[in-house]
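S.K.: We have chain A already, so just place chains B and C on it with the hints.
Residue numbers (numbering that gives the first Met the number 0), protein chains in the order written: chain A, 0 to 224; chain B, 0 to 224; chain C, 0 to 224.
All clues given are correct.
Think about it this way: if two alpha-carbon atoms lie no more than 27 Å apart in a straight line, the pair counts; the simulated BS3-like pairs of lysine-lysine are:
id : chain 1 : residue 1 : chain 2 : residue 2
1  : C       : 107       : B       : 220
2  : B       : 185       : B       : 26
3  : A       : 70        : C       : 220
4  : A       : 107       : C       : 197
5  : B       : 196       : B       : 51
6  : B       : 204       : B       : 10
7  : A       : 51        : C       : 211
8  : C       : 148       : B       : 221
9  : C       : 221       : C       : 26
10 : C       : 197       : C       : 211
11 : A       : 221       : B       : 70
12 : C       : 221       : A       : 148
13 : C       : 197       : A       : 148
14 : C       : 26        : C       : 51
15 : B       : 148       : A       : 204
16 : B       : 220       : B       : 204
17 : B       : 70        : A       : 28
18 : A       : 157       : B       : 92
19 : C       : 107       : C       : 148
20 : C       : 148       : B       : 26
21 : C       : 26        : C       : 220
22 : B       : 197       : C       : 107
23 : B       : 70        : A       : 26
24 : A       : 148       : C       : 26
Here are some chain B residues pointing at chain C (derived, C-beta under 10 Å):
id : residue
25 : 21
26 : 30
27 : 176
Derived from the structure by calculation, the hints contain no laboratory data.
Quick reminder that beta carbons are idealized off the backbone N, C-alpha and C, glycines included.
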Amino acid sequence: MATSSEDLIVKALQEYTTCDVSDALIKLKFRNGGFLSGLTMWSPQRQDGPTKIVGPAYTVEYAPLSDPRPKYPTHYIDSVPAGAVVFVSCPPKIPNAVYGGLMSTRAKASGAVGSVIDGRFRDVQEQRDLNYPIFARDVGTAPPAELLKVVAVNVPVKLQTDEQDMTINPGDYLIGDLNGVVVLPKELGEKAILLMKKQVEADSKMAVEIAKGMSFSEASKKFRL
Amino acid sequence: MATSSEDLIVKALQEYTTCDVSDALIKLKFRNGGFLSGLTMWSPQRQDGPTKIVGPAYTVEYAPLSDPRPKYPTHYIDSVPAGAVVFVSCPPKIPNAVYGGLMSTRAKASGAVGSVIDGRFRDVQEQRDLNYPIFARDVGTAPPAELLKVVAVNVPVKLQTDEQDMTINPGDYLIGDLNGVVVLPKELGEKAILLMKKQVEADSKMAVEIAKGMSFSEASKKFRL
Amino acid sequence: MATSSEDLIVKALQEYTTCDVSDALIKLKFRNGGFLSGLTMWSPQRQDGPTKIVGPAYTVEYAPLSDPRPKYPTHYIDSVPAGAVVFVSCPPKIPNAVYGGLMSTRAKASGAVGSVIDGRFRDVQEQRDLNYPIFARDVGTAPPAELLKVVAVNVPVKLQTDEQDMTINPGDYLIGDLNGVVVLPKELGEKAILLMKKQVEADSKMAVEIAKGMSFSEASKKFRL
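Chain A extracted, bound-state conformation (with noise of 0.2 Å):
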């Protein structure tokens, strides 16, 4: 799936913030920015340090015993594609977790570079001794398996909450770091890194000249378009 161009973006996007990532996405009237509301930073700091991943995502669906569709064959944590972002979806007000730590160090040992947990995940301590982002709702200590099985691989996936009506598909662009996780289209992927450019220039002039007393008003007319 990794292509030269694909490579291009996930190399340029690392220039850039989650926020810098959603303001082109708003230009090009994608909604919410791309946001994915209730994921946050938990390994390898909560909420703290420098950590930001961006990747191509793998996609995961969990689903109830119930869902009429089989148990996937295999285990979907042994075909990571080195680079990807893993993003595992799971149903709302589930009290058990559907990720932990054995999960991350094979993630690791292929080349992911972090994972992103719709969902409960587990062995804090663990992810956070491996040095590996995670990006989760929260956390949990039980396994999933009597409540859910992984019904498919590489499909597109809803985020789980009841603010938003986001979709991830396997290869879209998640960028995530301190201000959450933001999901950007494949397709949106060189129009928003055309953008984003001169967006951080303006800004950095504004905080420059609004540090110095000019107002917000002014700074915004003077460098934004």
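M.R.: Only chains B and C this time, still in chain A's reference frame:
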């Protein structure tokens, strides 16, 4: 708006925690001791360190684009008085952020002591680099203009949580620390201060005796009224 | 209440994480592996550091003032047994705190190992200065007496979340760490301990091989039963 009695109350409040303020407000029959649920410290550290803010509220009301009121004609951040706490009110379940790093750069240049965002804020690292205190509901990445507009500044605003019915009036004292954010209505400022000194002395004596082995009941009878 | 078999189980549990306990409880068909959702570490650090607590539950039930039961006649905090974990149950959506610094001062003096508050607690800095472990739903600032009263001590209490139907009985083992809080029913203590040793050995071997490049599926087949 700043008066010398206001200054004295702000100065006196520096000596006390949000819990001390709430204890006094409960005695004055002000419900929930003025606690504003859901608003926690994000900058300069996430619920850690000695940060505390105290100041009169400068309020800002965001509403959905469908709101009949027109957009406020100027940028609210250009009129924050020195010493104020900016309070930004945003409807619930909005994935977009209503406050960012450039707002804090401007507020800090104006001498504001901190910002309380009843909504999402963004640019977490920039906020921390500014060493500017932020209390908020949650993080975010996207700007708000696709969904919301500012409709009023320095008007009474409601806390946007389903747990409480609380109003923040312009000029009410806002106090924020590790425990959260408390509103002290302007007209109760002096009465509350008078109660706090006695409370804190009693509680300090109780702590000493309890640590030595006295029962809570005995210490309470001995030192509290 | 303390017995020598209880002491041995508490001692054995010191070797394991909350996740290890949940793994064993899932095998024993105890739902959600005993995980108690919504209760996370706040002191001595916010979800960081090596803090872990283990002990039999000493339970406290708060109810609305309208509850027909009378207020409990003495202060519950004066009767905490050495080695116990205090568990305070509070109805949902209460903005007021039900637990504060003086409670921990007293509990610590009695030899309690930590407190789990299914509700809001306050005096965050004081809790941390005491180096006393607190797990709770959230922070707060106001005392509870305008809304709530203690109605029972050392009775079975329900976890107050809409995600789960879980009961904590007096004497059940409570285990808390970075991943959250788990209840291990008293009668399952010995059986759970026997399962944990094997589990942890298998998982350690899996982690070593997976880090070297073995697939998760192969490692699981090789080391797990």
